[in-house]
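Visitor: The primary structure of each chain is shown beneath.
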Amino acid sequence: MLEFLSKFEFLQKLFHRDKEKTGQIARDRLRLVLIHDKSPIPPELMENLKFDLIKAISNYLEIDEDAIEMGLERKDGTIALAANIPVLRVKRTTPAPEAVTAPAQKPGIAATVKTSAQPAPAPPTQRRAGRRRKRRKMKTLAGKS
Amino acid sequence: MGKVFVVTSGKGGVGKTTATANIGSGLARVGRKVVLIDADIGLRNLDLVMGLENRIVFDLVDVIEGKCRSVKQALIKDKRFENLFLLPAAQSRDKNAVSPEQMTDLCNKLKESYDYVIIDCPAGIEHGFKNAIAGADQAIIITNPEVSAVRDADRIIGLLEAEEKFNPTLIINRLKQDMVKRGQMLSVPDVQEILNIKLLGVVPEDERILHSSNKGEPVVLDHGSKAGEAYRQIVKIIENPEMTAEVIPQNGGFFGWIRRIFSREEKSAEV
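Respectively, the protein sequence lines represent chains L and W.
For what it's worth, this note's numbering labels the leading residue of the first sequence as 1, then goes sequentially.
For what it's worth, this note's numbering labels the leading residue of the second sequence as 146, then goes sequentially.
Hints in this document: simulated from the structure, not taken from any laboratory.
Here the structure is a predicted model, which means the values were calculated and not measured.
One or more of the hints may lead you astray.
As the list claims (entries may be wrong) - Across the chosen pairs, the derived CB separations fall in these ranges:
no.	chain 1	residue 1	chain 2	residue 2	range
1	L	Ser6	W	Ser293	24 to 32 Å
2	W	Ser293	L	Leu45	41 to 49 Å
3	W	Glu387	L	Lys7	40 to 48 Å
Unchecked claim - Each computed BS3-like pair below joins lysine-lysine, with the alpha-carbon atoms no more than 25 Å apart:
no.	chain 1	residue 1	chain 2	residue 2
4	W	Lys321	L	Lys38
5	L	Lys21	W	Lys256
6	W	Lys310	L	Lys19
7	W	Lys381	W	Lys310
8	W	Lys343	W	Lys275
9	W	Lys310	W	Lys254
10	L	Lys38	W	Lys254
To be verified - So the derived list for chain L, only partly shown, Cβ under 8 Å to chain W, looks like this:
no.	residue
11	Ala26
12	Ile54
13	Lys55
14	Arg92
A virtual CB, placed ideally from N, CA and C, is assigned to each residue, including glycine.
Isolated chain W (complex conformation):
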């Protein structure tokens, strides 16, 4: 029986879709059978970030409304991993097209055949959010070390904890270690203390993320990327929940700058 995770945040733009794509790809990379569901009906993006936007035939709403024979017809196989699938959102409908009960049924069906079902939750706390969390067993909260994001994350955690089933864990995304050192950004302990849930991982700010979404290739596959390394760590902890998260030190200072120049050249040689 598989596990169903919902990746949520409250605030928009903090990195839910990126995290879903990378955690999904990362789990598939270590051999798991994974299905990703884009629950952001009307504003789909997971297909784009995964580079699968040209392969959409049926979507989530088609499945719920019975327009295709089965879920399998709508699932898109990933370009890189044959054990990774995407169920895209509908683009021309809105979040009222699906109900929480329908989502629960879908997730229950899917978790019989997959190790992980990961749901990309839309921003907000209304219908789209309620749909996305309905079928989930566990929640991954994404936040940025920034006041609005943390405030919204706190609200979301409050809503989830009320149901007692989600065991929320935290990913702090877009951390800049140099700013934290100068006291100009909320630190990992600051955010942990405020939100008070188990830390799953910390993903540093990384230009490679933009390149990865430009190309449609999740950064977890990029061995020159610090963010990619962070996601690979996160996947390890998801697979082994007894492990604790470590903050991967960023290379700072003058020598770090030199190192980064050379590793950038390596990467461009690879690509």
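For reference, chain L alone in the conformation it holds in the complex:
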């Protein structure tokens, strides 16, 4: 009986190799949960952070404030603050940057800072990108947790 069972297990391993490396998932989840256990991030902190982020980003982009998702995420063994902020459009006029200049990722924004004229309204692809990003983010959050 014992030999039959171990032979069956042998065949199983040969034909149905279980590739799911759940050990890594366990390790990453543990790391994250222990951070929360030891120093629970007070809800006020997240709320204030969200408010400040909205204020800063709203200087350049019109965003969907109600659809913002923000939280700690684990990625390849490191913890990161992740925020998903759906963008509706780039603002026509933007104020001069107050303190540290954010890196100009979109040439459109850099242009508006120097001149007050907006070259062209944001192409519709941007909105689609935001939605796509959001959908992808939602999938990964659901999948990995």
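Could you slot chain W onto chain L? The hints should help.
Guide: Positioned in the frame of chain L, the structure of chain W alone reads:
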């Protein structure tokens, strides 16, 4: 002056009682005078695992309440080693029957006459836990390579480190090396990195543990058992704290299976 160890984990069922029985027996095996205390009042099990359940006359609560003349009256001498004793828990009381101060007094008394006092801590972080750690100098944390166990172990380590006296060391129990190799179980380095305390030893998953508790004979005495070998290693390190723990490789693969079949036959011939 003896040392008082508490064996704790937070999570239940990870192997505290088994570890207490085996470390105690292992130390007695190398000639030390050892007393084991079952601090799990109301849910006693150390007596059963040691095979001494039929020899209980007085228990821990009787000693604390002065119902017997002295601690010595309540201590049960082990079947196999004359230098090993057990102070069983009470079964019909609960953890409020004893206070941390009373436990400290008891441990201070006992460590004058024994090389090691080992306390089997109940699961949890409430009164039973506080009683068990009160009289201890050092803590041994037992965990399994599994998310809930490690999380609870981390909590316990946090509670102990707050008092700065326990020098907690870690035993990872029920490791399955083949699952670790396939990436399906937390590895020893994973758990060590998360808990960040000195590793005392790693005990592999072993069927012989069940047989040993079935019979009431600690597996540290079973020379065919990998878990037994691990406990013997742990005892060596407790006696020589400068030593570092080694993970004993498990026999894997087809030839390991063959080897295990033959060693099983040897064992049944012995028994």
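Visitor: A separate judgement is required for each hint: does it hold in the structure or not?
Guide: So, going through the hints one by one against the coordinates:
| no. | hint | verdict |
| --- | --- | --- |
| 1 | L:Ser6 with W:Ser293: 24 to 32 Å | holds (30 Å) |
| 2 | W:Ser293 with L:Leu45: 41 to 49 Å | violated (27 Å) |
| 3 | W:Glu387 with L:Lys7: 40 to 48 Å | holds (46 Å) |
| 4 | W:Lys321 with L:Lys38 | violated (29 Å) |
| 5 | L:Lys21 with W:Lys256 | violated (47 Å) |
| 6 | W:Lys310 with L:Lys19 | violated (44 Å) |
| 7 | W:Lys381 with W:Lys310 | holds (22 Å) |
| 8 | W:Lys343 with W:Lys275 | holds (23 Å) |
| 9 | W:Lys310 with W:Lys254 | holds (19 Å) |
| 10 | L:Lys38 with W:Lys254 | violated (37 Å) |
| 11 | Ala26 | holds (5 Å) |
| 12 | Ile54 | violated (34 Å) |
| 13 | Lys55 | violated (37 Å) |
| 14 | Arg92 | violated (50 Å) |
Violated hints for the displayed structure, listed by number in ascending order: 2, 4, 5, 6, 10, 12, 13 and 14.
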